[in-house]
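**Student:** Sequence:
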Amino acid sequence: MNAGVRGQSGSRPVVAVPADVKSFEGYRWHAVAAQYLEAVAHVAGAMPMVVPGLGGELDYSRVLDFVDGVMLTGSRSNVHPGNYGEVPTPAYEPFDEARDATTLPLIRATLERGLPLFAICRGYQELNVALGGSIATEIQEQPDRMDHRAPDSTVQDERFAIRQRIEIRPGGQLASILGTEPIKVNSLHRQAIDRLADDLEIEATAQDGTIEAVSVRTAKAFALGVQWHPEYWAGSDPASRTLFEAFGDALRGYRSQKATLLSAAG
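According to my numbering, the sequence shown is numbered sequentially starting from 61.
Be aware that one or more of the hints could be misleading.
Said to hold, decoys possible - Computed Cβ-Cβ distance ranges for the label pairs, DEER-style:
1. Pro230 <-> Trp89: 40 to 46 angstroms
2. Arg168 <-> Ser316: 21 to 27 angstroms
3. Gly313 <-> Arg255: 16 to 22 angstroms
In case anyone wonders, no lab produced these hints; they're calculated from the structure.
These numbers were taken from a predicted model, which means no experiment stands behind them.
Glycine residues also receive a C-beta, built at the ideal position from the N, C-alpha and C atoms.
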């Protein structure tokens with residue numbers, strides 16, 4: 061069943077999407093790139109709700125009351141290394157500490173509540189940090205590592221081209237969605253997971269051993285993180301589309317379960 065048909069049947073699930081906090085045009089903006097919101101709406105068949113990066117001013121329990129899942133997006137900014145016990149240097153920049161203050165506690169609250177969680181790129185790194193892991197920077201300078209950075213181009217389709225092969229671990233959550241055959245993805249990053257959080261399971265790796273996908277071992281629902289960018293080609297690449305469709309299925313499952321519980325309680 062395609063996303064358009066899904067979106068017509070009953071009320072659509074709602075997805076919380078935390079914003080980046082950026083300064084431009086003389087204003088401070090809470091913003092999310094369109095590709096993420098469009099992939100949620102058009103492929104997952106859900107309604108995205110942008111959550112401002114207000115950190116401790118947010119009541120995370122109330123936010124989660126209103127939604128059926130959470131998606132964490134990629135960004136040019138990086139998780140501040142102070143969140144995993146490292147001293148910040150220019151190599152770790154740029155930062156968005158307002159986003160860190162919002163997403164890290166939101167991740168923990170989402171997993172505790174048992175809502176579906178889909179973490180992409182920076183969001184995937186946030187997931188690792190929120191659960192106690194750490195991040196390595198400038199991995200292309202490490203021995204035997206590939207250069208995972210985007211091609212040097214001003215054309216976004218070239219920067220986000222699907223070009224890197226990953227190996228999927230048999231028996232995992234990702235394999236249950238995409239199968240176990242290697243696939244090519246658009247993974248573009250200069251940071252990567254260093255110390256893997258204890259509660260995360262490796263789901264896929266690049267040819268140089270870089271961890272490219274993880275799942276949450278004790279999660280009560282869909283909880284998957286990928287280092288690459290399925291949102292960019294969600295409308296045309298089969299693997300990217302399938303990931304968002306699986307997330308959408310998890311959202312509808314959670315929404316249905318919540319409705320059943322509320323009905324029983326009433």
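**Student:** Decide, hint by hint, whether the structure agrees.
**Tutor:** Comparing the hints with the structure gives:
For the pair Pro230 and Trp89, the supplied restraint of 40 to 46 angstroms holds, since their beta-carbon distance comes to about 43 angstroms. Hint check: Arg168 to Ser316, Cβ distance near 25 angstroms, so the stated range 21 to 27 angstroms holds. Restraint check, Gly313 to Arg255: a C-beta distance of roughly 32 angstroms breaks the suggested window 16 to 22 angstroms.
The structure shown violates just one earlier hint, number 3.
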